[in-house]
Each structure stands twice: as structure tokens, then as C-alpha cells.
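Visitor: Next come the chains, spelled out residue by residue.
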Amino acid sequence: MSAVLEFRGLRKLFGKQVVLEDINLSVCAGEFLTFLGPSGSGKTTLLRLVGGFEPPDEGHIFLQGEEISHLPPHKRRVNTVFQNYALFPHLNVFQNIAFGLQNVGLDKTEIESRVKSVLEMVQLIGYELRFPGQLSGGQQQRVALVRALVMQPAVLLLDEPLGALDQKLRKQMQSELKALQRKVGLTFVFVTHDQEEALSLSDRIVVLNQGRLEQVGSPQEIYDRPKSRFVADFMGMQNIFPLASLQENGEIYRCWTQGGQEIHVPKANHPTSEVHFFGIHPAKIRLKRTPPGNHFDNILKGIIRQGLYLGSTHTWAVEAGNCETWMVAQSLYDSSDEGFSLQDEVYLCWDGNNGVLFS
Amino acid sequence: MIQKQQRSYSHGNPILWIMPAFVWLVFSIGLPLLIILVFSLSRRQTYGGIDLRFSLSNYLRSLELLYGLIYFRSLGLAAATTLLCLILAFPVAYFIALQRSAFIKNFLLFLVTLPFWTSFLIRTYAWIIILRTEGLINNRLVEWGIISTPLNLLYNNFAILVGLVYGELPFMILPLYTVLEKMEKSLLEASADLGCSPWKTFFRVLVPLSRSGIWAGVILVFIPSLGAFIAPDLLGGAKSMMVGNLIQSQFAVVRDQPFGSAVAFLLTVVVLALLVISYRTTKRSAELRIL
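Chain order of the listed sequences is A and B.
Numbered as in our numbering, the first sequence ends at 395 without a single skipped number.
Numbered as in our numbering, the second sequence ends at 289 without a single skipped number.
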């Protein structure tokens, strides 16, 4: 795939504070790429650099092979969906969407047909004459989206566009957004701090931490194979234990947590880099009342100390080994799992592949 | 029950709260206006007294060509003042509104209002010192060899315009600042994002969104400029009388109070008419927005 957007050695300072450093990345044409990170990680600044609202201090940005690092926003073939929508309050829905098309110099009938086609896309036909103040949050969000989409930009930038919506509407807009992206085939660069949102929407996720690229990969890679403690933690990996020691043993690593538990992890997934932590997602551990025999590579004995009922899952805090607490998420719809209660003695089991080692 | 509770939150009868303002308005504006109306419909006695017999002669006289010229000059100068203030105030208000630091914002606003600490009369005298033939500007220009004979900067329409613009500028800056400060700054980014150059953004986003502030500023500057008295009196020449000076001279110099009253009343009516028109137009644009 060809790169539509490229960052080379990008660096950005606010005063003396480094906001972005050493950003090297290619965005492929037609992909849905997400910048994921906590607030202050530089993800929005990176997006604003692409939009042209901030200049980089060092490095270059290329759009379709042309350098745009210092081009003003109105000369870049990218468009932004702003976090607060930034709809023009003095213009109605039609005028808002036509705003950018008028700058391109299209004739009236062409503008009308294009506005109509994008309004159809988001089911807002009939709302042309409404003003932004008369729309619901979800409707405003859709108008902001198509106002940028209608420009057919080389890259569409979305700055936490769903942040202001309530949970239910947010889920709905997520699937709409994904469907829309598939349909129009444009390159989307999306910014969010919500890891679930990033997982469900993206083709590729870029995790940012303190202005640096922490990890770039598919949602599965980021979720299942975090390369650092930061990524693991940010992706909701609740079981992270520092390692006391590590041995190579044929095809597997034998590691010991500081609590003294022995854990086996296949070598294949962890080539050369230094590792300091072991981690596993709570949902990847099974709970058994009796020792399950040789079906699993890892079996730990523990006692249930706390339980948290979450509707579709039940999360248990299990004390194992030397005062280490392991979180286990038990699916309540899996009939093979048994019911447990506090102070039960249980066995934690998982396949070696489900655990990860990272730095 | 609910009714009672609401009343306790509304701090008593609202009529009572506007009573002080109402009384003040009646005695300081309503009553004098009524007196002026009565005077304007009376006749002048030989030694300046007022003969209360009804007459329209003052109004007929006020429409004579001689005075028409004064009205025309007043309207022209007021319009020019308003336009210049608008052009000068917009960048200033925008600059202040864009400041991120609240301290700098407040300091700049303080500077804008600083001139109010001194009487307008004294500040206008200062302009005489700056503009006169042997004044600050002329002396420097001659000294630097840019001109050989001093320019006539004082006692003409130009000097009045300078004085008016100087005096009214804060009244344009402040309402513009208020709307620009409230405006969502990301709208400007959205405009640039959608392909507008900074100039296009100014006319397509900034101006429409600051319309209410522009109207407020225009009214606050135009009306006092139209009836201005100190600036034209001190800075203007014999040939640049404005309607404010005409009225003043009728009362204080010529002692023709009925005629002065008629001109004053006409001025009030014109100002009110302009206010109604501006109210209608802004209201219509607001209604269009809701449609």
C-alpha cells in the first residue's frame, strides 16, 4: 500500500516542554489509523500538525509525497472533524456543509448535489435549513463529519469526535463511522483516549506516550502483544507483574514473578528485546475448582478475595502465591465455568500463548 | 406550593427592583424632554424669554438650507467617526480577545479604559497642543525637514474627526471585545480547514459572528458623535459647526431657546428613529437564524 501521509523525524515543543519527539510514521491510503493515548500524550497536537494549526519545530510532514509541514491550513488537502464540532452557528446545515465547497469554486448545482449526497449518507435529509443550535449532539456530530467528508480530503482527521456523546450514542456512532469509512474509502486518522473505541474502529493503532510512539500495530497486536508496560496498562491488562528472574528453556521462557510464581511463556512471541514484566488479560485466565490436569501450560493455586459483578462478566480478585492479586474475568454465559464465592480455593489456568512478556 | 417556592427564589416583586431606574429616567430624561418639546413649540420673546403661545415656526426654520448644511456635516462626521472607529477597534478587540493569559487580557482592557480617568475636556485640550501650528506634530515635521511650513491640522473637520475618533474608540473596542471573547476560537480553525484564507475567514465567519457587537459599537459611537459638542467646539473652526454646537449656541449665545429646543428635539427623534431601524434589522437577522 502507498503512503498517503508520512511523518519524518517530527518534533514539537510548547515553550521548553517537548510535546512530540522522534515521530516517524507512514499512513497508508484508505486505512483507518488511530492515535491512542492518555491526555497529554501529544495525540491531538500531532493531528493539529497535520491540519496545519501548529507548525512542527523539526521534521517533515508529507501528504501524497509533497511536503506540507509549513503550508497554511487552507492550502492542505486534509479536513478536520473538531472535538467540539465547530459548526458555524450563523449558518444552517446546508450552508455549513457547503462552506468548504464554495471555496473550491464549484457551481451551485454541483454544490447542492454533493451536499445532498452526503446528507443522505448520514440520514439528515430534511435538516438542511436547521441551525446547529437546533440539532441534537449526535446530529451535530454527523453534520461536522460530512462537512469535512464532502471536501473529499486526501486524509480526514478526527479529533475525539465522539467524546461529547453519551455512551449509547457513542457506540452507535462508532459503527456508523466505521461503515462510512468503508463506504467512502477515505483515509481516516482518528484521535481518542478510549482504548475500546480504538480497538473497534481501527485498522492500525498508534499508541502515544509522552510525545513518543510507544507502539504501532493492528488492534490485535496492541491488545494481545503489548511491547511495554505502558501499552499493556493502557489496554486494560490488569495483571502485570514484575519479573524476578527469567530462564530460557528450549521453546519456552521460564519466569518467576517477584511473588515467586513460576510462569511459562512460549519463546516464539518474544524474540530478543529485554523483558521486565509478565502480563495477561483477566479474560484470558480460566478459573477451576479442581486441578485441571495437563490441558493448560500454566496453573496457579489461589484464594478468591473479592468479586465484582459486571453483568456479562464476573471479575474475581484471586490471591495467589506471595500476596499477588490476580484479576480474572469469568464470562457468565460460558456454561463450562462454575460458580464461585469469596474465600474459595481455586486454580488459575491459561495457555502459555495468552501471556505476554514486555519491557 | 410550587408557586410559593418560586416566589422565594425571585427576590420579591420585580417592579420594585426597576423603580429606582424608572424614577431616574422620568426625572432626568422624560421631564427635560417634555420641557424641550414645549419650548420648541413656543416663541422667542425679544430679550430671550419664552412666549408659550403655540407655534411651528422653529421647526420650519430648522429645515432651512443653512442648517441643513450643519446637519449634513454632523451626519458625515459621525458616520466617518463610526467607520474609522470600527476599522481601528476590530484588530485591537480581536488581539485582546485572543490573549490566553487572563492577566494580559485584563491589563490591555485596563489600558483601553485608562483615558476615562481624565476628563474628556482636558484630553481634547491635549489634542490642541498636539495638532496646532506650533504643536507637537508640526514642530517635529519641520525639525526633520519633511515640511517647510506647518500644516493646518487644527480648527477644521479633520481635527474634529481626530478628536471624535479618539474619544469614542473605547466604546467600539469594548462591545467588539465582548463578542469576540465569547466566540468559539475553533470556528476560525474550522474555516481555515475548509479552505478559507484569513481574509475570507474574516468576512465569512468573524464579521457575521460579531454582528451584535458591531451593532452595539456602531450605536454607542454614532449617537454621541452625532450630538458631539466639546470636540467640534475646541478643535473645529468657524466653518465646521456641528449640530451640537448649533444647539449650544442657541441656548448660551443667541438666547433663542425655542429654536435650540426644536433642533434638539429633531436630533432626538432622528437618533430614536435610527435606533428603531437598527433594532429591527438585528432582530430580523436573529429571527432568520432561528428559522
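Treat the hints loosely; a few may be bogus.
As the list claims (entries may be wrong) - Among the chain B residues that face chain A by a calculated CB cut under 7 Å, a handful are:
| # | residue |
| --- | --- |
| 1 | V110 |
| 2 | S195 |
| 3 | P206 |
| 4 | S210 |
| 5 | A214 |
To be clear, the hints were calculated from the coordinates, so they are not data collected in a lab.
Fair warning: this is a prediction, and the values are worked out from it, not measured in the lab.
Beta carbons are placed, not taken as given, at the ideal position from N, Cα and C, and that holds for glycine.
Visitor: Now tell me if each hint is right for this structure.
Guide: Going through the hints against the structure:
1. The interface hint given for V110/B is violated, since its Cβ lies 27 Å from the closest Cβ of chain A, which is over the 7 Å cut-off.
2. A hinted interface residue such as S195/B counts as satisfied when its beta carbon comes closer than 7 Å to some beta carbon of chain A; here the least separation is about 6 Å, so the hint holds.
3. For P206/B, the suggested interface contact is upheld, since its CB lies about 5 Å from the closest CB of chain A, less than 7 Å.
4. Given the 7 Å rule on beta carbons, the hint for S210/B is violated: about 11 Å separates it from the nearest Cβ of chain A.
5. Interface hint status for A214/B: violated, as the beta-carbon distance to the closest one in chain A is roughly 17 Å, over 7 Å.
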